[in-house]
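Colleague: From first to last, the protein sequence lines are chains A and B.
Heads up, the first sequence is in my numbering, so the first residue is 1124 and it goes up one at a time.
Heads up, the second sequence is in my numbering, so the first residue is 10 and it goes up one at a time.
Note that these hints are calculated values from the structure, not bench results.
Honestly, I wouldn't trust all of these hints.
[Said to hold, decoys possible] Looking from chain B toward chain A, a few residues come up when the C-beta cut is under 7 Å (computed): (1) Gly-88; (2) Cys-337; (3) Pro-438; (4) Leu-441; (5) Ala-463; (6) Glu-471; (7) Gly-520.
What you are looking at is a predicted structure, and each value in this text was computed from that prediction instead of being measured.
For each residue, glycine too, the CB sits at the ideal point set by N, CA and C.
Here are the chains, one letter per residue:
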Amino acid sequence: MTTAGVDSSADDGAMCIRLSGEIDLANAATVEDQIRAALSSQPSAVSVDLTDLTYLDSAGMRVLYALASRLHALRIVLELIVPFDSPTRRLIELSGFESIATVRPVRS
Amino acid sequence: MRYALLVAMPGGPGDASTAADERLRRIESMTDAALAHVDVEALLAELLDRVRELLGVDTATVLLLDASSQELVVTVALGLESAVRQGIRIPMGKGFAGRVATEQQPVIIEQVDQANVLYSVLAEHGICSLLGVPLLSSDTVIGVVHVGTLVPRRFSDDDVRLLQIAAERIVLATQSRRTAVERAAAAMFQRSLLPARLPVVPGLELAAHYVPAGRDGVGGDWYDVFTLASGWLCIVIGDVVGRGLVAADVMGRLRNALRCYALLGGDPAEVLGRLDQQVQHFEPETMATVLLAMFEPSFARLHLSSAGHPPPLLALPDQPTVLLDVPCDYPVGVSGGLRRRATAITLPPGGLICFYTDGVVDNRGVSLDVGLERLRKLVETGPVDALCRKVVAQLVDAELPGDDAAILAVRRQDSGDMGPLDLVLPALPWSLRDIRLAVRRWLSAVGASPRAVADLLVAIGEACSNAIEHAYGPGGGSVTLHLELQSPDVLATIHDTGRWRVPYREDGGRGTLFMRDCCDDLRIDHGPTGTNVVIRRRLRAAATA
Chain A
1124 MTTAGVDSSA
1134 DDGAMCIRLS
1144 GEIDLANAAT
1154 VEDQIRAALS
1164 SQPSAVSVDL
1174 TDLTYLDSAG
1184 MRVLYALASR
1194 LHALRIVLEL
1204 IVPFDSPTRR
1214 LIELSGFESI
1224 ATVRPVRS
Chain B
10 MRYALLVAMP
20 GGPGDASTAA
30 DERLRRIESM
40 TDAALAHVDV
50 EALLAELLDR
60 VRELLGVDTA
70 TVLLLDASSQ
80 ELVVTVALGL
90 ESAVRQGIRI
100 PMGKGFAGRV
110 ATEQQPVIIE
120 QVDQANVLYS
130 VLAEHGICSL
140 LGVPLLSSDT
150 VIGVVHVGTL
160 VPRRFSDDDV
170 RLLQIAAERI
180 VLATQSRRTA
190 VERAAAAMFQ
200 RSLLPARLPV
210 VPGLELAAHY
220 VPAGRDGVGG
230 DWYDVFTLAS
240 GWLCIVIGDV
250 VGRGLVAADV
260 MGRLRNALRC
270 YALLGGDPAE
280 VLGRLDQQVQ
290 HFEPETMATV
300 LLAMFEPSFA
310 RLHLSSAGHP
320 PPLLALPDQP
330 TVLLDVPCDY
340 PVGVSGGLRR
350 RATAITLPPG
360 GLICFYTDGV
370 VDNRGVSLDV
380 GLERLRKLVE
390 TGPVDALCRK
400 VVAQLVDAEL
410 PGDDAAILAV
420 RRQDSGDMGP
430 LDLVLPALPW
440 SLRDIRLAVR
450 RWLSAVGASP
460 RAVADLLVAI
470 GEACSNAIEH
480 AYGPGGGSVT
490 LHLELQSPDV
500 LATIHDTGRW
510 RVPYREDGGR
520 GTLFMRDCCD
530 DLRIDHGPTG
540 TNVVIRRRLR
550 AAATA
């Protein structure tokens, strides 16, 4: 079974969600639930850190897209942290995620 | 001759010495060749039977000391068979046998009563008089032999002497037989704890040899190879201080504890730290050296931590073999140590790592440095089984090894060794992780660049996900993956036999888009018998698609 970690921390209204492990078809729904649970408070900005994520596929991208559109509707700013040498960097670039959220190599 | 007297002095010393000598000869004759092949209990029964006959007594009993509980266990009892069946155990110092063992000298009771025997068994059987002598092995009590009569009897000095000689024979017989049995049991036990067959791990070649010590029986060397659910591979080699069954027993517990702690995650230093805590808490008498190597799922890197164990050797093609620079921390079971350290090293395809215990390098009459240098010169990358056999033949087999010795070699296959990869897995989401694991290892062994690995993982992953999601109905099915090297390309074929749903949305599906972008060429064929996806990508350069 594919395993992923979802750890969240809040700092002055800004929320950071750190993803680790792998996300694919097998655990995408679980990861989505965990992210939703982590966002139960009302943040002003959300940053999703993919530094420790070693694999992501289209099922995982679907989760990130769903998150992006929900936050967009709530006017909450979203940024993605994806280092240049990260294994998921290429998929983020291919997916055109930069058109709907800020993608940075490190946390601002 | 000194012996305790409870009721009355026995008769004066031997007036019938010729008859006694004759009886002695008959006793001495009974432990020889004829009895060489029976087991200890049968041998004791035979001895006791003759003692009973020679002394003209009704019962004859041997109790052996269980050192761990300090109790005398009735082992063989003629005329008192129920005592054996009841598993009677007499504490040291208690009752008749306990007293013989504690005083370490003959004891005579002329009239048995409640006060001088502990258990009613003797009284129940109507035993009237008793003579017991300790079984002594180099001045240590290992048990008691006693004889009893149903009618009052005054045991003579000759009777005592005779029983003492029988006792010596009993000690000899049980000791030698026990040692042989323990040695055989320990050897069997240890063999059962070492992996009978190393796991088959695609991408790695593994071999190990264990040579038990020549003279002193079994030591506490062990090795272990196992994989974790995360795809990491663990190799353990260790040496428990001590010998015999006790060391083999401790080794078994350490082996299992280490497996459990590895399952909990963490780097090898953390795993050894947990093992150390366990040993210090539950096995305070134990000390062991252990080296733990954890291979990343790609096998391209490994992380090592050493608890006082000699460092492994690294052999690369066309390079001199070197001792790995692994910081040596204190052995497991030593308190007050500092934080344990872990080191990571890279293992390129074709590279070999050789693990060993000190029995390989620490031969008598040779310094450790010389032993290590001899081993270093022998170790080179190549077939692992041949290497282990060569090392054992040249460094261990030369004479009877004083210590046991273990060697384990692992070689990472290179592209020349790598045939195609074929996988058939159930078309279920949980198969995706196993597919990635196998693909990562295979690509890493054929020397794919990190970018090519990442791209192919996505392209193959998407193709498999499609088969899993769309090919089959509730009945399920399987997905087949074939990977082969067509230099300079990798060719991946993903096949399913499903026709349930329209499998691919060639235009809109993000997954198909990723597949296209992550390879140099993509072909998708839907047919009446299923779907075939062929992905081609350069092994090293960036994808051109």
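Colleague: Taking the hints in turn, state whether each one holds.
Modeller: Results of checking the hints against the structure:
Interface restraint check for Gly-88 of chain B: the shortest CB-CB distance to chain A comes to about 66 Å, outside 7 Å, so the restraint is violated. Interface restraint check for Cys-337 of chain B: the shortest CB-CB distance to chain A comes to about 31 Å, outside 7 Å, so the restraint is violated. With a cut of 7 Å, the hint placing Pro-438 of chain B at the interface with chain A holds, because the nearest CB-to-CB distance is about 4 Å. Restraint check, Leu-441 of chain B versus chain A: the minimum CB separation of about 5 Å is within 7 Å; hint holds.
About 5 Å separates the beta-carbon of Ala-463 of chain B from the nearest beta-carbon of chain A, less than 7 Å, and the hint is met. Given hint, Glu-471 of chain B at the interface with chain A, holds; its Cβ is 6 Å from that chain's nearest Cβ, closer than 7 Å. Because the closest C-beta pair between Gly-520 of chain B and chain A is about 4 Å apart, less than 7 Å, the hint holds.
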